[in-house]
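Participant: Please arrange chain D on chain S, whose structure you already have, making use of the hints.
2 protein chains.
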Amino acid sequence: MKLTVIGLGHIGGTLAKTLRRVHASTEVMGVDANPAHVTQAKAAGWVDHAAPLSEAVAWADVVALAVPVGPMKKLLPQVLDGLSADAWSFDLGSTKLALCETIADHPRRAQFVAAHPIAGTENSGPGAAMDNLFQGKRMILCETEKSNPKAVQQLVDLCQAMQMELLYMGAQEHDEHLAYISHLSHLTSFSLALSVLQAEKYEDMIFQFAGSGFASTARLGKSSPEMWTSIFLENKAPLLRVLDTYTDMLGHFRQAIEQDDTEALRRLMAEANDIRRILEGKTSK
Amino acid sequence: MKLTVIGLGHIGGTLAKTLRRVHASTEVMGVDANPAHVTQAKAAGWVDHAAPLSEAVAWADVVALAVPVGPMKKLLPQVLDGLSADAWSFDLGSTKLALCETIADHPRRAQFVAAHPIAGTENSGPGAAMDNLFQGKRMILCETEKSNPKAVQQLVDLCQAMQMELLYMGAQEHDEHLAYISHLSHLTSFSLALSVLQAEKYEDMIFQFAGSGFASTARLGKSSPEMWTSIFLENKAPLLRVLDTYTDMLGHFRQAIEQDDTEALRRLMAEANDIRRILEGKTSK
Numbered sequence: 001m002k003l004t005v006i007g008l009g010h011i012g013g014t015l016a017k018t019l020r021r022v023h024a025s026t027e028v029m030g031v032d033a034n035p036a037h038v039t040q041a042k043a044a045g046w047v048d049h050a051a052p053l054s055e056a057v058a059w060a061d062v063v064a065l066a067v068p069v070g071p072m073k074k075l076l077p078q079v080l081d082g083l084s085a086d087a088w089s090f091d092l093g094s095t096k097l098a099l100c101e102t103i104a105d106h107p108r109r110a111q112f113v114a115a116h117p118i119a120g121t122e123n124s125g126p127g128a129a130m131d132n133l134f135q136g137k138r139m140i141l142c143e144t145e146k147s148n149p150k151a152v153q154q155l156v157d158l159c160q161a162m163q164m165e166l167l168y169m170g171a172q173e174h175d176e177h178l179a180y181i182s183h184l185s186h187l188t189s190f191s192l193a194l195s196v197l198q199a200e201k202y203e204d205m206i207f208q209f210a211g212s213g214f215a216s217t218a219r220l221g222k223s224s225p226e227m228w229t230s231i232f233l234e235n236k237a238p239l240l241r242v243l244d245t246y247t248d249m250l251g252h253f254r255q256a257i258e259q260d261d262t263e264a265l266r267r268l269m270a271e272a273n274d275i276r277r278i279l280e281g282k283t284s285k
Numbered sequence: 001m002k003l004t005v006i007g008l009g010h011i012g013g014t015l016a017k018t019l020r021r022v023h024a025s026t027e028v029m030g031v032d033a034n035p036a037h038v039t040q041a042k043a044a045g046w047v048d049h050a051a052p053l054s055e056a057v058a059w060a061d062v063v064a065l066a067v068p069v070g071p072m073k074k075l076l077p078q079v080l081d082g083l084s085a086d087a088w089s090f091d092l093g094s095t096k097l098a099l100c101e102t103i104a105d106h107p108r109r110a111q112f113v114a115a116h117p118i119a120g121t122e123n124s125g126p127g128a129a130m131d132n133l134f135q136g137k138r139m140i141l142c143e144t145e146k147s148n149p150k151a152v153q154q155l156v157d158l159c160q161a162m163q164m165e166l167l168y169m170g171a172q173e174h175d176e177h178l179a180y181i182s183h184l185s186h187l188t189s190f191s192l193a194l195s196v197l198q199a200e201k202y203e204d205m206i207f208q209f210a211g212s213g214f215a216s217t218a219r220l221g222k223s224s225p226e227m228w229t230s231i232f233l234e235n236k237a238p239l240l241r242v243l244d245t246y247t248d249m250l251g252h253f254r255q256a257i258e259q260d261d262t263e264a265l266r267r268l269m270a271e272a273n274d275i276r277r278i279l280e281g282k283t284s285k
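Protein chains in written order, with the working numbering: chain S, 1 to 285; chain D, 1 to 285.
Isolated chain S, as found in the complex (with noise of 0.2 Å):
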């Protein structure tokens, strides 16, 4: 398989990386704004080959786009341009609908596959590529009734030899659940991480403290700034209405320390104690 992927960082390196393994016969194209990249990328050994876009496009069977989502909605159409009769292309972003909607028209529609891989860590660039991340996953695909079913059943093939476990989810609901399930998260780990800096005094307590409950919640603060700041704009309405909610959970809980609310703190944890039965897995009350 002649692969090209678009984006040389923490999800098309790992991409990479991990087809060259589960997939023998795959050979690499790499491209990325940033040359410095490509030559990272070649230099670890997951790229073979590196050419400009279209040329990379065109030499494709295959073409993995993994740039922010922002970005991704100005490069996809080039790429469905430029590919061959009989390749295709997904990406790997973590917004689907503006995307979608993008491409809803073009005449190439069919030759593209919306596809989001549920690992990450708060780490990027090629130096961040990892041969084990989506092992266990999931991969969502979304509105696969637009693509080639040809194309559909290949990215599936390669899902599973990647051990993917496959989710099927229209384009809006897959940004409605994302919004709650990971960048609500992203926003309040980069809002914990500024409140705690602002506070420099702190500094040295807060290296003290890493052990703590803060380093969990926090982490996420390390993401990368260009990957967010796509994401949180491309997903705007829903962020914003589950950002809305949040914040009147914790205007709840302000009101209920101000006025010495016993019962009213007890009761709210003890709701958010719920979270412990989904986390683990118990689904049904």
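Calculated from the structure, these hints are not laboratory results.
The reader is advised that the hints may include incorrect statements.
What follows is a set of in silico ranges between Cβ atoms, one per label pair, in the way DEER data are often shown [claimed, not checked]:
no., chain 1, residue 1, chain 2, residue 2, range
1, S, Q160, D, N34, 49 to 55 Å
2, D, L240, S, A33, 44 to 50 Å
3, D, A270, S, Q255, 32 to 38 Å
EDC-like, lysine to aspartate or glutamate: derived pairs with alpha carbons at most 16 Å apart [what the hints assert, rightly or not]:
no., chain 1, residue 1, chain 2, residue 2
4, D, K236, S, D260
5, S, K236, D, E258
6, D, K236, S, E258
7, S, K236, S, E173
8, D, K74, D, D105
9, S, K146, S, D105
10, S, K236, D, D261
Here are a few chain D residues that sit away from chain S, every Cβ distance over 12 Å (derived from the structure) [said to hold, decoys possible]:
no., residue
11, K2
12, S25
13, H49
14, D81
15, S84
16, E101
17, D105
18, D131
19, T144
20, K150
21, V156
Note that beta-carbon positions come from the ideal geometry of N, C-alpha and C, so glycine has one too.
Facilitator: Positioned in the frame of chain S, the structure of chain D alone reads:
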């Protein structure tokens, strides 16, 4: 050493288990308002005896208090009243100022050392007792100048035997640090868990995405309502100040997202990224 532990939960149990391991002659008397906890701790083998409070206090060389910080304020004066002349007591609570003020004028103030282990998980109860939780963690001692130097030295020796690192500070300073580094993280996790739970229809999705950032940011939402109601109310003033800073940060994000302000978003997240330096232990810029 005859050690009485009052409160046979996650922290009290961990103390008893650890000290039995590292300080071979430790004999443990357990006290808990819940008789089932006493039975469970004796069955698990980390409590030798049980007795009513006054008897258990009179018996001990050392009394450790590991109950929620609200009840602790009522309990500590009683414990000091009942201590024998050579005995001493310490607490393991998460807030310090109100507790220290409560016994500031107690005739036996010097027989008390205020302590707080920066260690814990979201689990609670005797079943959550661990014997390696404290190892490598910090123990904060507050206003030790008000304690009998011999008692302080004995507690320092016990902490070192448990391989804990010691930190010294004032009670008010302690509470302000902890509001930033621990209490706010818990408040945001509880609120995050509640927000997502409110969207009941997403429940299956949450479960599917346990590998995402959500699990780490919402983990503390499993914590004990009993314990955290006490902490939030005992540390009300610093916590509300910190919560306001945090709410401001969320507001900056909200505004930037609403106005499609790419530059503001990037700047906010780039600043937040500085948390990496601190979490990874590089404290100087």
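Participant: Now tell me if each hint is right for this structure.
Facilitator: Here is what the structure says about each hint:
1. Q160(S) with N34(D): 49 to 55 Å: holds (50 Å)
2. L240(D) with A33(S): 44 to 50 Å: holds (46 Å)
3. A270(D) with Q255(S): 32 to 38 Å: Hint holds: Cβ distance 34 Å, inside 32 to 38 Å.
4. K236(D) with D260(S): Holds, because 9 Å separates the two Cα atoms, which is no more than 16 Å.
5. K236(S) with E258(D): Holds. K236(S) to E258(D) sits at ~7 Å (cutoff 16 Å).
6. K236(D) with E258(S): Given that 16 Å is the threshold and the Cα spacing comes to 7 Å, the pair holds.
7. K236(S) with E173(S): holds (14 Å)
8. K74(D) with D105(D): holds (14 Å)
9. K146(S) with D105(S): holds (11 Å)
10. K236(S) with D261(D): Roughly 12 Å between the alpha carbons, so the hint for K236(S) and D261(D) holds.
11. K2: Check passes; 30 Å lies beyond 12 Å.
12. S25: holds (29 Å)
13. H49: At about 32 Å from chain S, H49(D) clears the 12 Å cut-off, so the statement holds.
14. D81: Since the minimum Cβ distance to chain S is about 26 Å, D81(D) lies beyond 12 Å and the statement holds.
15. S84: holds (35 Å)
16. E101: Check passes; 17 Å lies beyond 12 Å.
17. D105: Consistent with the label, D105(D) stays out of reach of chain S, its closest Cβ about 24 Å off (over 12 Å).
18. D131: holds (17 Å)
19. T144: holds (17 Å)
20. K150: Its Cβ never comes within 12 Å of chain S, the nearest being 27 Å, so this holds.
21. V156: holds (17 Å)
Hint check: no violations occur; every hint is consistent with the structure.
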